[in-house]
Amino acid sequence: MAKRVGMEVAIAAAEAVALCRIDVAAVYPITPNTHIAEHLAEIVADGKLDAEYITVESEHSSISACCGASGAGARAYTATSSQGLMLMHEILPIVSAMRLPVVMGLANRAVSGPLNIWNDHSDIMPQRDSGWISFFAENGQEAVDMSIQSFRIAEDPEVMLPIVLNIDGFQLTHMIEALELPSQKEVDRYLPPFRPLATLHPDKPVSMGAYAFPDIFTEVMKVKDSVLIDSKKTILKAWDEWGKQFGRWYKPVETYKADGAEVLIMTMGSMGETASIAVDELRAKGVPAGLVKLRLWRPFPFEEFREAIKGAKVLIVCDRAVSFGGPGGPVAAEVKSALYNDAGRPAVLNFLIGLGGRDVTVENFKDILEKGVQAINKKPAGGYIFYGVRE
Amino acid sequence: MSIVQNFDLFAHKLVDKRESFCSGHRACQGCGEVLALRHICKALGDDIVVANATGCMEIISSNYPHTAWEVPWIHVAFENAAAVGSGVEAALKVLRRKGRIPDRDVKTVAVAGDGGTVDIGLQALSGAMERGHNMTFFCLDNEAYMNTGIQRSSATPFGAATTTSPAGKVSMGQKTGKKNVPEIMVAHNVPYVATACPSYPLDLMNKVEKAKRVQGPSYIHVFSMCPTGWRSASSETIKLGRLALETGVFPLYEVENGKYRLTVEMPEKLRPVSDYLKLQGRFRHLTPADIEKVQEKVNQELKKLLHKVETSKSWLE
Amino acid sequence: MTTKKKYPEKWTELNPGCMVFEAGSAKAHKTGSWKAQHPVWDNRKCIKCGVCYIYCPEACVSRTEEGYYAADLEYCKGCGICAHECWPGAIEMKEEEV
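Chains as they are written, first to last, in my numbering: chain A, 1 to 391; chain B, 1001 to 1317; chain C, 2001 to 2098.
Keeping only pairs whose Cα atoms sit at most 25 angstroms apart, straight-line, the calculated PhoX-like set for lysine-lysine is:
| id | chain 1 | residue 1 | chain 2 | residue 2 |
| --- | --- | --- | --- | --- |
| 1 | A | LYS185 | B | LYS1098 |
| 2 | A | LYS313 | A | LYS371 |
| 3 | B | LYS1093 | A | LYS48 |
| 4 | A | LYS224 | C | LYS2010 |
| 5 | C | LYS2094 | B | LYS1239 |
| 6 | C | LYS2030 | B | LYS1017 |
| 7 | B | LYS1212 | A | LYS204 |
| 8 | A | LYS222 | C | LYS2010 |
| 9 | A | LYS233 | C | LYS2010 |
| 10 | A | LYS204 | B | LYS1093 |
| 11 | C | LYS2027 | A | LYS204 |
| 12 | C | LYS2045 | B | LYS1239 |
| 13 | B | LYS1098 | A | LYS204 |
| 14 | C | LYS2027 | B | LYS1013 |
| 15 | B | LYS1017 | A | LYS204 |
| 16 | C | LYS2048 | B | LYS1239 |
| 17 | B | LYS1017 | C | LYS2048 |
Simulated restraints on C-beta separations:
| id | chain 1 | residue 1 | chain 2 | residue 2 | range |
| --- | --- | --- | --- | --- | --- |
| 18 | C | LYS2045 | B | THR1164 | 43 to 49 angstroms |
| 19 | A | GLU307 | B | LYS1098 | 40 to 46 angstroms |
| 20 | B | GLY1132 | A | LYS222 | 39 to 45 angstroms |
Since the hints were made in silico from the structure, they are not lab data.
All values reported here derive from a predicted model rather than from experimental measurement.
For each residue, glycine too, the CB sits at the ideal point set by N, CA and C.
Make the full structure from the sequences, and use the hints.
Shown next, in the form of structure tokens:
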């Protein structure tokens, strides 16, 4: 039976990963992923999990070691943050191209410079096009559940792609929450053993990582794209079965009081809970506000997204990263491009908020939503706003 | 002529016929590096997994949908062969423990060129060796970035002209000496470190077998003659490796648990380095005075090595 | 010299992850077409030592039933190492005829 515990989210995430009976973990310490790294090391050191824990000398090597381990047929896990992910950047598209179902826990943190160890999404956004499935957790329970779901989805024979699970650094990883930790038996029921497509073993020699000439590279890219797009089917199935087994249901795009909302605010990750309180307060005052939370970042859930925002006049996109000298926030850019050809699309406002760990309060969200209300039936202003920047 | 009296001469025919690195690879004519790889594969046998860095050997062996490898092989990127190998080794260990793969020794082998070892791959190599993975790392050293067009690396010898250390009016080519990575490996307390050269295939294969038997990390630095990059005749590849030994440019030795030993005797009176240099276009620009400088450097390096060999002799076995 | 068609025509025919399942499939590349010269053995001089076999970068020299050596010219790139290293002088490099 699942047990109800009060636990730090990073610790719970590590517990969840251990419940997945990983074979190899290769983790390099970086704030704020450290508690995941440390707790996993403890679990292995106590003999509670039979796994090899590789104390790599860098994140570049942690993801590289995961490639080797996954290629050899092991269930491999890594975790990192910020600069660590940037250092891995080179290897990320290779992992997906090689169809190695590595799972990564990412304690999101701002990217230097200046150095800043606090939370935003500037680490994951530059990895957008690396061909990984990318999930965002909103709370500790989701971090636990999605860690387990990630292995099942990544390792599905139709998918065989790496997954990054975004867990906001500090604001989520270091919170102590009440959550439900599934039992080993329950996890075993949900997550079948890893059955790789091929393994590195002399009994059946396989070459992995051959290079491609120009006359085949386009075809390889086409495969990468379609496998990632098609993975949504498996994701939906895995979430459906999770719901049936555990009673907690997951969707690519979550909505909160979005029905009849004229102004929608869109968040990713842990901000969703704060934003929902703002929505409650405004709704109580009769303001037609609602919330949209994007859980699945890649593959982008176009269909579900359109459905979620149907009828809204204004869509406020909260970005926690900056696309410097470009269209504003990367999420807003994505959303605008998704809507460009749709008749009756809402006006899109883009706020850059919560950068480098700056708090975003209920009051801030109320203020932003009210700005959205003012924009109803007005020509969209375009551009983007560094919310709360001191002028 | 008796086979017993001339064992070294006739022993070649006794070497295992099996080729786990097959014909049809696209190495240049007379490539010493691919020959070294062939010898290594012969000595390692079939129970291995190879993690290969980006570089000549990766490119010439693996254009999709073909492979020259008949043993399991993985390539991920340039600087991470040792890290990928670490993951393979960890996986083989845990999967064997859990009964998910057959219960027998399978050796993890990492292969990289000099760039992928001494420059961009040094950090991953250091990490892997320090952690003590059961893995043999081979540096196939052709003394420059040959795959990208002969740019200098920190393994390029003093005085060699490369495309990024060209000889010019105010330059005599590479300004620095060769980084001594075997020594760095010894400093990691790697139990077995050796240098080797495909001109001495039996010595090379003996070392590979020794390295394979080590339950832990081992490192072999293989001198890999490169006619394309060294601008030498393809037929003289083997000769160059021999001259490298006979001039003291590349001595063949092994370091077992810190104890140094020369494995191939060098002539009592070494040949002058000019015998080695003059066969290669990369040294063509050197003046007699420059050659004298090269000779001094070679003498100095050799003296340091021989001193270690000498002091090792007094160690208790 | 026929090579089996193995090249994927459509993107749907690619192996997952571009894995190569057929070990040693590079044998399909007949690198012998590169050469400008080829080795010819004079077995009267051959002492059957196998130096040519051990030093061939192409792994294309093998022992014949009589114990002599011969190169598989489908792969021989004509580097000349075997001729250079054969100390009894049993191997001669001859120009390719066009």
